[in-house]
Amino acid sequence: MRLKMTGAQALVRSLEEEGVEIIFGIPGGVLLPVFDVLYESPIRKVLTRHEQGAAHAADGYARATGRVGVCMATSGPGATNLVTGIANAYMDSVPLVAITGQVATNLIGTDAFQEADTTGITMPIVKHNYLVKNPADIPDVVQEAFYIARTGRPGPVLIDLPVDVSRGELEYHRRDHPVLPGYKPTLKGHKKQIRMAARAILEARNPVIYAGGGVITSGASPELRRLAEENGIHVTHTLMGKGAFPETHPLSMGMLGMHGTRCANYAMCETDLIIAVGARFDDRITGKLSEFAPKARIIHIDVDPAEIGKNVRAHIPIVGDAKQILKDLNAAIREMRNEVATPDRSQWNAMIEDWKRKYPLTYDRDGGLKPQYVVERIYALTKGEAIICTEVGQNQMWAAQYYKMDKPRRFISSGGLGTMGFGLPAAIGAQLGRPRDLVFDIAGDGSVQMTIQELATAVLEGTPVKIAILNNGYLGMVRQWQQLFYNRKYSCSCLERERTPDFVLLAEAYGAKGIRIKEPEEVDRAILEAMEAPCPVVLDFWVDPEENVYPMVAPGAPLYDMIGDMLYPVEKIHPEKAEEPFL
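Numbering-wise, the numbering used here puts 465 at position 465 of the sequence shown, and it's gapless, one number per residue.
The set of hints was computed from the structure by calculation and includes no laboratory data.
Since this is a predicted model, take the numbers as computed values, not measurements.
Accuracy of the hints is not assured; some may be wrong.
Computed list of lysine to aspartate or glutamate pairs in EDC-like fashion (alpha-carbon distance at most 20 Å, straight line) [to be verified]:
#1 K184 <-> D304
#2 K45 <-> D304
#3 K513 <-> E529
#4 K133 <-> D111
#5 K404 <-> D437
Build the full structure now, drawing on both the sequences and the hints.
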């Protein structure tokens, strides 16, 4: 027997049947029918203080748990405030379902109060979106939205729900599975291509594994580790791939790219075979594209065929799910090992170890409290077991460089879009998704202020997140580029930390705990005090204001041309050779 119910009831019931635990959002006029039904639902409602915070919290929840995150906002400005968070999830392939209210169907297109063309605005930044015009479609739309969001290359899906549709009636019916004839992601890799890749790996003299976020998304870390260990191949990773392979492993070279390790970047310049898994060869990784990996053949494994060959030619493309392909690739290599002669790789491995030894990540420890030291101590005192969320900028790069990750889904950062303000709400979402874990947001004083109001959400929801602000009084990465490329003209990048804000008082105003730290000897005590506190804690670290992130590949430069660390001083930079900087 089919039950009669309203569209709002059908929406909430469909969400419950999808296993939704938490919805992040803010109500508004056209969503009142939905929130009225949600009032009785066991789904946890997290009232954020801004819709952008809702989207980022849902994103953080999804990355930490592997489940689909859900956010909700009203029509007009509520929906447009979600856009940055939706775009962020799209760029980083995060499964998200965003539900927006809409004006009544008869008012669409009339410039009604709080009307916006939400489906039109979001079309370029979602996998798919729906404007629901019939209440009877709601169960199917919700089922399809969740399926699309989590399968293939994950990403956000938006459901725009007019208020008259949520008030309308229907007979509730849910299909056994979604019917989407035109949507069939490829999961199994082509057998011939896999065998070609296996042979290439066995024949390579200087191979390198290049792991991206797709390894984590597909749960392929065990298979990736097996590939590396059974064949003695060193591994480098992207920002999104951090944790895909243990960074404390002898075969790890750390992160590559603009602020990657010298070892990883040098290896990409000298390798004869790149095994790219779930990575997209973006500009922050390749440097000057025409000089990227000039000696290498490339195996490119990715679930999204649009990524294959987009930026770099793939000699052996394999489309499909990384976990399944790596499983088949490992089996193929074992089968072929006796019939293919593998060259001696001892010289290559020795060269990599020599680079590691000669060019470790380093910084000048003189001159007060250094941000790198703060991250090192957070790593040491949490024993590498915390979930680390980051804001965007220098804080993000220092976190990536100095907090080593040995497990997936523990480093949560805005990669492709580079969204300032991401870290705090993402940390709240991650904490709610994994309440037994310790969650740190490593933040900058500029970035964190873009969503600082979510401290209220953290306090009221009882999420004991720890916010470690590397407070240098600047928009740090902007200042660094202005120093290096614009003759130290710090135009609109100074935040004047001596004047405002007082983060300790601000934390207390929100009901959190605030601690200010200015000296290196105060760092451990403050971190331990924060870790023991059952509430949100803001750690205000007053760090060296002009410390830079090094090594650095200048814009337009090849990976081998790294500048600015203790081994290669800033004076080596040739600004006239750099392309126009972008952030």
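Outcome of the hint check:
For a cut-off of 20 Å, the pair hint linking K184 to D304 stands: about 11 Å separates their Cα positions. As the CA atoms of K45 and D304 are separated by approximately 33 Å, the hinted pair breaks the 20 Å bound. Distance hint between K513 and E529 is fulfilled; the C-alpha atoms sit about 10 Å from each other, no more than 20 Å. At roughly 18 Å between alpha-carbon atoms, K133 and D111 fall within 20 Å of each other, so this suggested pair holds.
A threshold of 20 Å between alpha carbons decides the hint, and for K404 with D437 the separation of about 17 Å falls inside it, so the pair holds.
Hint violations for this structure: number 2 only, all remaining hints satisfied.
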